[in-house]
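Protein chains: 2
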Amino acid sequence: MVESKWPLIPVEEAKAIIRAHVRPLPTVEVRFEAAQGLVLAEDVHAREPMPPFPASAKDGFAVGASDTTEWRRIVGEQFAGYEANIRVEPGTAARVTTGAPIPPGADAVIMVEFSEVRDGYVRFTRRVEPGADIRPPGQDIAGGQRVLAAGTVLGPPEIGLLATVGATTVRVHRRPRVGVMSTGDELVEPDEQPGPGQIRDANRFSLMAAVREAGAEAFDMGLAPDTFEALEAFIREGLERYDAIVTSGGVSMGERDLVKPLLERLGTVHFGRVSVKPGKPVTFATVSGKPFFAMPGFPVSSLVSFEVFVRPALLIMAGWPPDRVERPRVPVVLDHTVRHTAGRTEYQRAVVRFERADGRFHAVTTGFQGSGRLLSMVGANALLELPEGRDTFEAGEVVEALLIGPLEAPSRREAEKRV
Amino acid sequence: MVESKWPLIPVEEAKAIIRAHVRPLPTVEVRFEAAQGLVLAEDVHAREPMPPFPASAKDGFAVGASDTTEWRRIVGEQFAGYEANIRVEPGTAARVTTGAPIPPGADAVIMVEFSEVRDGYVRFTRRVEPGADIRPPGQDIAGGQRVLAAGTVLGPPEIGLLATVGATTVRVHRRPRVGVMSTGDELVEPDEQPGPGQIRDANRFSLMAAVREAGAEAFDMGLAPDTFEALEAFIREGLERYDAIVTSGGVSMGERDLVKPLLERLGTVHFGRVSVKPGKPVTFATVSGKPFFAMPGFPVSSLVSFEVFVRPALLIMAGWPPDRVERPRVPVVLDHTVRHTAGRTEYQRAVVRFERADGRFHAVTTGFQGSGRLLSMVGANALLELPEGRDTFEAGEVVEALLIGPLEAPSRREAEKRV
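Protein chains in written order, with our numbering: chain A, 1 to 419; chain B, 1 to 419.
Where hints are given, some of them may not hold.
[Said to hold, decoys possible] A few chain A residues that face chain B, going by a derived Cβ cut-off under 8 Å, partial list only: (1) E70; (2) G81; (3) G99; (4) P157; (5) A202; (6) E408.
Derived by calculation from the structure, the hints in this document are not laboratory data.
The C-beta atom is built at its ideal place from N, Cα and C for all residues, glycine as well.
Could you build all of it, start to finish, from the sequences and the hints given here?
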């Protein structure tokens, strides 16, 4: 009896091994406009308070709040962007626009909606308290305040904050550069017509898309050469160029499965089989300190393995806080029987929705869950995690789900329509 | 008393007006590798079945399932990628690798793990049923089957499917090209040191990032000129170049707020005020059939208005199915009192998590909710939608939330640790 030399290890052990071997990439300085999706490697502080001066929150009139004069003389206008040379004395008011500095002497703003102007005088239909519609200096940001902490992923509001405080160059972790290749003598390029025994390569393209979706840069290494020597040169070159390599295929027990033996020669194979379905032969190695992720060749196996094992690793390399790299997990009610064999942790593709009627998450799988059936991933927003210890789950039972896409959550209106 | 000429309309009415005026952009043919994130404008069918031939699902031996010979002669090997000239007769077996075509005469595969080889012969420690570990033609995709429907957003598995079926050129909706500009005399570029009464522009950069996050292309139009004539020329040029324009500022009631009067002259202003907080002066117009979204000038107002009004519109322009452009909505329990004034629908920024202990979503707001405090959006994964009709909500009450980022959902393990 032929046995794999690689012990089957549990999913969580495999994930822990990967985590122990990947670390954030070095930091670089980039312009803030180019930093979207990257992770701050330093705290960012505001030099000045925001707003930097007492600013009008509305279009209207700057006044003395305690002034009881009915018709007040308009002493001038203070638009935004400069400091007009005007002063608000009792019996006067100044026009102000949103964002304008409050002229000296004024301590409140009355909205234009509550004003009546006649012959250079204004009266108001409403009284206001001192401070009304004035944004005091530092209301939004105190001078010297830390506005963003190291480890923050830079999205739209964070990019805006960098602009606000003038942090136009920021230190971030480098975006991981990931080389992606496919192995398999049966593979032809998508533009080619497959001959007998051949199929088109799909994994390289879906994995490159998944790498990009994880915020990393994907590089197409092409189809691997089919001899040990050529493959070795090919991989060595890739390791020089990229921060990590993701391959698919070549990790089964066939004689032509060159990847594991080659990785053993080049570096250290940390695991070669995981008790997971799909994706049992998934392999993780480091070569010269760089992570090498070898996915199985079946299209679903490669994408699910990427999701479970590679994506969190790429986020850690990109500098994400380790507690944010995993997908959200929720308990879901199965809407139908789900067949499962007890031997391995199984990830089934499913659509998970939040059901207002019972306040619970519900899951429907995406049909036949064959490892080759990429269609089972189309439209899926979740992976159901069926544990090793037991078999088939009945409708109504609760399992864990990883949310890999936006939740289906009908609005209250839609939910009401259904009833 | 000065009144805005624009009626305050409800949020849902404003959203309906926008929907009535935006439509999917024209379609273009693109290479499948460049189609990530775009939306299919045509159904895609498979020409051939997948797998195209009976294929081995494992590394092992192709056999006759009913053959009872103990030691079978190995007649050859069938690797993946070609058709070997071998035939499996009773008393024989052929080596096969994963993905290899099944040689004629064989009707099952026995995994290498259950084989023992000696002197060119093999015996097995396990019997199998006919069909075992053979993937029949069409198991994953039937010949002629529609694999992707028009309206599908192309992510990693869909890109892989396009490769599999050889659909290397696909018709998709064009990615929206969106010009983004800021107006406001108080604004200086982020690299500049603001003078008296000035602040740095943040909105243009946060809005461009939000445009990109919505899958569209963002173009920096810069700071708007401050005269009516110059602004008109500027906007006309932008409308020629881009599919839509997003501005911020210049929509209040100040005399220098040129955007609305200009839009009235250039095209049709469909609404000029919405009963929403933040973002009351948000404005929507069409000029020569192109949508023009004028966001308010406060940083939070502009980003929240973008989220509520612009993002769904850009997705519709990109060809997304209308029922998928809104964010998921869930009911959340407030963990603390939330102040709200009854007059308008208010969107407060919050962190929403799913709590296993009571099986409900819980929300904590992100601190002071001032319209200028961009920090209130940092780390927020939800907008709480507080309705017009009533004021302050107490801790424990349930409100609606729009999930704008991944849910916080501690794993079962983490949840257990907390107890």
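Query raised in the report: Holds or violated: A202/A as interface residue toward chain B, Cβ cutoff 8 Å?
Result: holds, 4 Å
Requested in this report: Using 8 Å as the Cβ threshold, decide whether G99/A counts as touching chain B.
Outcome: holds, 5 Å
Query raised in the report: Is the interface hint for E70/A satisfied, with its Cβ closer than 8 Å to some Cβ of chain B?
Result: At 15 Å from the nearest chain B Cβ, E70/A fails the 8 Å test, so the hint is violated.
Report task. With a cut-off of 8 Å on the beta carbons, see whether E408/A makes it to chain B. Result -> This hint holds: E408/A lies near chain B, its Cβ roughly 7 Å from the closest one there, short of 8 Å.
Query - Satisfaction of the P157/A interface hint, Cβ to chain B closer than 8 Å - result: Holds: closest Cβ of chain B sits about 4 Å from P157/A, inside 8 Å.
Query raised in the report: Against chain B, is G81/A within 8 Å by beta-carbon distance?
Result: holds, 4 Å
In summary, the one numbered hint that this structure violates is 1.
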